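A.B. asks: Using the sequences and the accompanying hints, generate a full structural model.
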Amino acid sequence: MENLKNLHDVLIIGGGIIGTFVARELSKYDLEVGLIEAKNDVGDGCSGANSAIIHSGYDPLPGTLKAKFNVLGNLMWDEIAEELDVHFYRIGSLTIALEDNQLEVLNSLAHRAKENGVEVKLLNAKEVKELEPNINPNVKGALLAPTAGIVDPFLAVVKAMENAMDNGVKLYLNNRVEKITKEENIYIVKTNKGEYKSRVVINAAGVHSGEIANMIEPIDWKVIPRKGEYFLLDHFMYGFVNHTIFPLPSEKGKGVLFTLTTSGNLMFGPSSEEIEDLDDVSTDKLTLDSVKSQALNLIPNIPMHKVIRVFSGNRPTTTRHDFIIEPAKSDKNFINVAGIESPGFASAPAIAKYVVDELVNDVISLKEKNNYISHVRKHPNLYDMGLENRAKFVENNPEFGEVICNCEKISLGEIKDTLNRNCAPTSIKGIKKRCRAGFGSCQGGFCQSRIIEILAEHYNLSPLDVLYDKEGSNILIDTIKEGK
Amino acid sequence: MKEFTCIICPRGCQLIIDKNNNVTGNACPRGKEYAINEITNPTRTITTSIRVSNRIDTLVSVKTNLAIPKNLVFEAMEIINKLSIGAPTKIGQIVLKNILDTGADIIITKNID
Amino acid sequence: MKTVDLVIIGGGSAGMAAALQAKKEGISDILILEKDECLGGILNQCIHNGFGLTEFKEELTGPEYLWRFVDQIHEEKIPYICNAQVIDLSKDKIIKYSKYGLVETIKAKAIVMATGCYERSAGAIQLPGDRCTGVITAGLAQKYLNIKGYMVGKRVVILGSGDIGLIMARRLTLEGAKVICVSEIMPYSAGLNRNIQQCLKDYDIPLYLSRTVSKVVGKNRLEKVTLSSVDENMNFIPGTEMEIECDTLVLSVGLVPYISLLNYIGCPIGPTKGAIVNNYMETKIDGVFACGNCLHVHDVVDFVTEEGRNAGHGAALYIKNLIKNDGEISVIPGREISYVVPQFIDKKTNENVTLKLRVRKPLKDQFVVVKSGDRIISKTYKLGVVPSEMILLNLSIDKINEINEELTVELEGK
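Protein chains in written order, with the numbering used here: chain Z, 1 to 484; chain G, 1 to 113; chain X, 1 to 414.
For the record, the hints were derived by calculation from the structure and aren't laboratory data. Check the hints yourself; a few may be wrong.
Listed next, with one range per pair, are the computed distances between beta-carbon atoms [what the hints assert, rightly or not]:
| no. | chain 1 | residue 1 | chain 2 | residue 2 | range |
| --- | --- | --- | --- | --- | --- |
| 1 | X | Lys347 | Z | Gly264 | 38 to 48 Å |
| 2 | X | Ile269 | Z | Arg90 | 25 to 35 Å |
| 3 | G | Phe74 | Z | Gly264 | 45 to 55 Å |
| 4 | X | Lys57 | Z | Lys484 | 36 to 46 Å |
| 5 | X | Glu243 | Z | Pro218 | 52 to 62 Å |
| 6 | G | Asn22 | X | Pro187 | 31 to 41 Å |
| 7 | G | Asn37 | X | Lys57 | 44 to 54 Å |
| 8 | X | Asn401 | G | Thr58 | 46 to 56 Å |
| 9 | Z | Gly264 | X | Asn404 | 39 to 49 Å |
| 10 | Z | Asp289 | X | Asp365 | 31 to 41 Å |
| 11 | G | Thr58 | Z | Asn6 | 45 to 55 Å |
Cross-link-like lysine-lysine pairs, in silico, DSSO-like; alpha carbons within 30 Å at most [stated by the list, open to error]:
| no. | chain 1 | residue 1 | chain 2 | residue 2 |
| --- | --- | --- | --- | --- |
| 12 | Z | Lys190 | X | Lys57 |
| 13 | X | Lys23 | X | Lys284 |
| 14 | G | Lys97 | X | Lys284 |
| 15 | Z | Lys409 | X | Lys57 |
Computed from a predicted model, the values in this text were never measured in an experiment. Where is the CB? At the ideal position from N, CA and C, for every residue including glycine.
C.D. replies: Below, the structure written as structure tokens:
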């Protein structure tokens, strides 16, 4: 009996956009579901360091899984964003031709869009300049895809997990999978922390999905992660760029693009380098310089003094160059969801639905819950309230009037709200991802010491034990002054 | 001959002192005095902090009210690190008299209610 | 709605001086809004000495300096509210602030912005390398050390030789850390000479010039940094790499005026990254004044105090309706000058004006020349000029009254 106590129906490995969306999708049914994540928070891999674009779906080659799930997934985002209380805006994308001979490529892309069933419009130079006054004046034309959107990538993952947990899914953080075995039709997933049992296992381990898949059977594909380095600029950039702006796509990907975050920050990147170390998220000057010069080609007057951060993320590209969404050859109860690179965010809702409705449903019976909670508890978002309502709200909830992060105007109440939910943050970065405290121009210079105190108090820790990010990322290392 | 930067004021004159204690490069008389001290008996003021005994996680800033010999700075720090004081504190309040027989006192530099 | 003649946002050195000056000039309805729990701003954590030589002719620590002003604020019974965070500001000078949850709305006749500055972060300088902890700005390290009583590292490299970086080299050393070196990307230090002497040389801490961090390495916490020499275009020179094992990199790589509230009201910003102002420290938004480090980053706090007084004076004139605004003379930074404050002078002013400026690079034997067209208004000799030191130039009323065209300030070799 002891053996069956921690038995899951489905165990998901990996807490990125795919793992958490699959978890949420599964939480609609009467199942014991668990999610294992190696890091101390969800969404800290590729999902937390990408362009966060909900692509329209015109670009992937017709007939690929990328094309199929992108187009389907894009349509699902309005509803998901509303349910998860996550900012999502359809700002549209422009793919830019800078030379006359590129106009032909735009035409063929428009044709591809039609095949994929995506609405696009070809624009001439004048129309592009009207939409994007800062674009390279040599622009010759562009392909407008109005359904492309942007989403908050951190909250999309966190809120999907929160909602899944509201519906009973268990989250096991800091668990790195070491070995998977099967005994009497039950998988035993051994991690550095313990053993987890499950009837079905879903591999959504991002750049590590190859290693996990190999624990079951030899595979005919391989993850070759590609690192992408980005620049992030401060907000108050409204109107500088109005759409996601792509150069013409190339073999290596979508190229150095410009996009906005849902908070109005301007972002450009990524580079695209194959790397060996799956967890290498470093940046280097040569690459950043090259990203910058490619970016300047699209928009010549980037206000570089507004840069607040550079970062990199590793895309889980595989040798198949398409999404891999299929059971293991030897066992239908082990499902690989791998190679989810761009357009992964756009596709995630459709992938999650397909994985559950088709692949999981094929091996265990799904019975809908009657008490499924479709919406996360709404955030008290002071910005969206308007001043009068805000004043009233704050009067009743004094902690929301105590501003902790001055750059982003984030209050103690908002920080505490993130701590008192499912999928709560355990680190300073976790708080930053959830409510933007420390995300502004000073990058936490003013508020970090307060946030350490808030975390220490909440978890009853010494400030010395508060982490910035992963294990071992403590900020304070000792106390000084022995006087009593 | 010895050359060094005057630390008396933000101007930071480059002082040159020869073996007869003739000082050049100074913009004011204090520079001359500093230069001579610097080769005979260099001294520094310590500014640091001590714990406030009746407040949680609170420090109060202190300093030596006179400059003390430079070679005693770390020894003095060891003594200061062990000091504490109860709030309220008042600027100028003496925490420790005559540290290491230098004639300098450790005094509070911040008011805490 | 509650009305107040003069609201001062920020109760640091600039804000307190502005309040005291306005009070002196007959404005009694004043309110200082301070976001922290006490007046004084950043000086609260600057426990080292060296403040007040101009203002008080003696050398004080930061807290001692600020308390001289807090005492005056108390004597003058100038109202102030601590823990008051301004959450909204409009062009017609309606301010909403929140204190422990209570949101108050006040309408001011004039506003003085004195919100200070913030530190450039690792991201702002695009620091290359791993994503690890142990990289911290000097001011934040100073707060942990001096206010909270925590060490941020044991083996420390400091990037940037601005005064905060130098001061932190000494503070960390005194409190038991090993400061391995200070690295400066420019061929000259950004800090005061005296601080290089008393913070670095005193403790045998080397200062490397024309060298910067080309890579930070560390899985979770910083393990080492690579320093590289840079050429005149700030590109790393291959073959000059120097690896240093350390657990902490302290950044002292520049300060930026903190003007998020000015952005709310669309206030025009100048080359200092702060507002552009006239000689009364009035911004381009009617009745909104700015002073101190939120206007331009100062080298010495005594000058912040002086500028705060200017703004307090300007606001008092404004409230008494004594500013005419009958046309302005522009002040343009010319050859080798990075900025001049103020950017405009009221043509009809009946007061002397102090121009504050910084040079682009260190030069010896220079004249600072103020010109109007071809006419030389003033010419001041300087033995040496450095970017880290603010230059003050006084223009007398009679000189200003002679001027019709814009003014240019430039350097001229001897």
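A.B. asks: Within 31 to 41 Å: is that where the Cβ-Cβ distance between Asp289(Z) and Asp365(X) falls?
C.D. replies: For Asp365(X) against Asp289(Z), whose Cβ atoms are near 37 Å apart, the range 31 to 41 Å holds.
A.B. asks: Could one say that the CB atoms of Ile269(X) and Arg90(Z) fall in the range 25 to 35 Å?
C.D. replies: Since Ile269(X) and Arg90(Z) have Cβ atoms about 32 Å apart, the given range 25 to 35 Å holds.
A.B. asks: Falls inside 36 to 46 Å, the C-beta gap from Lys57(X) to Lys484(Z)?
C.D. replies: At 39 Å between Cβs, range holds.
A.B. asks: Cβ-Cβ distance between Phe74(G) and Gly264(Z): within 45 to 55 Å?
C.D. replies: Holds, at about 51 Å.
A.B. asks: Does the Cβ distance between Asn22(G) and Pro187(X) fall inside 31 to 41 Å?
C.D. replies: 32 Å, holds
A.B. asks: With respect to the beta-carbon atoms only, verify the hint that Thr58(G) and Asn6(Z) lie 45 to 55 Å apart.
C.D. replies: 46 Å, holds
A.B. asks: Taking 44 to 54 Å as the hint, is the beta-carbon distance of Asn37(G) and Lys57(X) inside that range?
C.D. replies: Since the Cβ atoms of Asn37(G) and Lys57(X) sit about 20 Å apart, the hinted range of 44 to 54 Å is violated.
A.B. asks: Using the Cβ atoms, figure out if Glu243(X) sits within 52 to 62 Å of Pro218(Z).
C.D. replies: 41 Å, violated
A.B. asks: Is it true that the CA of Lys23(X) sits at most 30 Å from the CA of Lys284(X)?
C.D. replies: 24 Å, holds
A.B. asks: Is the Cα-Cα distance between Lys97(G) and Lys284(X) 30 Å or less?
C.D. replies: Answer violated: Lys97(G) to Lys284(X) is near 54 Å, above 30 Å.
A.B. asks: Between the beta carbons of Asn401(X) and Thr58(G), is the distance compatible with 46 to 56 Å?
C.D. replies: Since the Cβ atoms of Asn401(X) and Thr58(G) sit about 55 Å apart, the hinted range of 46 to 56 Å holds.
A.B. asks: Is the gap between the beta carbons of Lys347(X) and Gly264(Z) within 38 to 48 Å?
C.D. replies: 40 Å, holds
In terms of the numbered hints stated before, the structure departs from hints 5, 7, 12, 14 and 15, listed from lowest to highest.
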